[in-house]
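So the chains spell out like this:
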Amino acid sequence: MNNFLNALIFNAGYNTNLVTFGATLLGFSAGISGTFLFLRKRALVCDAIAHATLPGIGLAFITMVLLGGDGRNLAGLLTGSIVTASLGTATISWIVHNTRLTEDAAIGAVLSVFFGFGIVLLTIIQSMAIGYQAGLEHFFLGATAGMLFQDAIIISLGGVLTVATILLLRRPMMLVAFDINYAYTRGYNVQLVDFTIMALVLAVTAISLKIVGLILIVAMLIIPAVTARFWTERSDHILWIASGIGAVSSYIGTALSASVSALPTGPVIVIVCTSMFIFSLFLAPARGIIVVMYNNWQFQKRVHLRQGLLALASSEVIRDALTLKLLRRAKCLRKDGVATSTGIIKAQQAVLDERRWKIALRIFEKYNLKSHYYRLTPIDVVFTSEEIAKIDSILTELPTTSIDNSIT
Amino acid sequence: MLINVALNLTARDERAMNNYNRSKSALTVLDLTVSYSGKTALFSVDANFPIESMSAIIGPNGAGKSSFLKAVLNITPSLSGKVKIFDMSLKQAREHIAYVPQRTSIDWDFPASVLDVVKMGLYRELGLFGWLTTAHLKAAYEALDRVGMANLANRQIGQLSGGQQQRVFLARALIQNAKLYLLDEPFAGVDAATERIMIDVLKELKTNCKSIICVHHDLATVRSYFDHVFFINIEKVAEGPTASTFTPENLRTTYGERLAATHIEQLHPDASVITA
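Line order of the protein sequences matches chains A and B.
The first sequence begins at 12 in the working numbering and counts up one residue at a time.
The second sequence begins at 499 in the working numbering and counts up one residue at a time.
These are calculated hints, taken from the structure and not from any lab test.
The calculated lysine to aspartate or glutamate pairs, modelled on EDC-like cross-linking and capped at a C-alpha distance of 16 Å, are:
(1) A:K336 to A:D347
(2) B:K617 to B:E640
(3) A:K52 to A:E114
(4) B:K537 to B:E733
(5) A:K52 to B:D605
(6) A:K346 to A:D331
(7) A:K52 to B:D607
(8) A:K381 to A:D391
(9) B:K617 to A:D247
(10) B:K522 to B:E550
(11) A:K401 to A:D364
(12) A:K381 to B:D689
Since we're looking at a predicted model, the values are computed, not measured.
Required output: the full structure, derived from the provided sequences and hints.
Spelled out as structure tokens, the structure:
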């Protein structure tokens, strides 16, 4: 516990501080660039990108060893991973544009072929008669133990570049994600915008390989965006919420894994991130499951109560069990099915509200009020008392039957 | 050198403006052919839409109406053909064009408010860094007010009815202040109030010397809404002023037997006289 707190307040030694700082920055960039991928509905592409880095790592290692260098040079390995990941992305987009295959099929094919090739290369490397192969397997699930200052510099630079690019291109990116045809007609280079989104994701994937590993980077790109979606209906807010979630979960995750020995960083970050997702899925106030269900239940009760009161007013027989229960609970109905005095007053109010709404919908037609009416919003919530007086004056002029039949 | 470039640009702009002033045609298309993976969507289509009028593109489902607009705007590639807008190339005329896509072409659960969508009409003008000013915001609210949506400006777009969504799209086009409006099935599946509001806005645009071209499906309203019609079914069938072109023969040629004789008679009470 103490170790964890120390890691959280950047007091756990130089190396841990470095890793925590790097991972937090990385989580921020992953969250923000993943948002566009999510909004563009191409979340799976980053899975293919991540898996397609593996053959690049293998090839770069072999090349560097054959040239007599250190096979574990991070810059070299990342360059290799970027090359094959770009090739993978280009292959997907070629397949989509030139055949009738859909993107998901293309992703499936490219992902497995590139990953399989990468595994073959890694197996060959293990059997090569040279040292230093150890460590390559860390690219699968990530490891922060051996992070160097220069690695942190690479991550920081990458993060800053990502955020700058997104600030620069957020409008075209948003437009392409929302309405691609309209974006074309305004003269935006849609291919270039799409390419930039992919390039950002690729860059984030490459720099996070060492920490999170290629299998789990997908989680860091996509989970923050889908988590943020539960909290807001605005795309610009999603950007910042997602980057915040990415940063915080990386920060906590790295601190956790640094404080317990042999706890792998990548998986811990993903678990922290996922718990935020699960929390939001159920409890987010905007779109969380519980809120949605609660609102729906409340509305169902309002509908039943309203129908019950209207039936009381016209002395119809009420048979619906829920309606009867709600009317009794509101003390509008006695046990023997006779309306109480409160019930009669409330029923008259409901009838008046209904009549006022019908007039209001007619005279304020162009104000898009139907949705208020359909949600059973009481009329005095929507209109001022002067407006209601105006509605009432019309109401008294008309015979009641013509009102009840006028709008269906 | 720099001065030369600047002068050249001005000269070109001036030529473009002169073209616009002289042009009698909002959109001219020559020999447009479009094919999607082996299927011909448009075959050698010529078209000429007059300036400052309301034109309808009519034809059965799969006749290439939407493909025509998309090919004209270079959203989808065409195999051959030439497009002139106010006698300018598409690139030169781009700022004069406002496109209203089919409502069903996008995902309305996208996280955006009504006002956000209208603001997208300003992105080009704002560039990458421009700040939205109060003048921009005022213009956005004015555009929403014209389509009767100002009081829903902050609503999430997914909560709108189909007609309201269509009106938001129209507001986004209005804020561009274009000269040519290209609308893809703007009246498809909308409520009567929306249809009335939109047709009023479009007619007002026409009075203000704008040109409007609609892909249209409701034959019953062609006569009252449009003054120019263009019949299409992969190929061009006919085009011209509604009064002389919206005839039973052209309807029959375009729609084939799909359009029952009684339907035509409804549109043309005197049709039986003509065909008899």
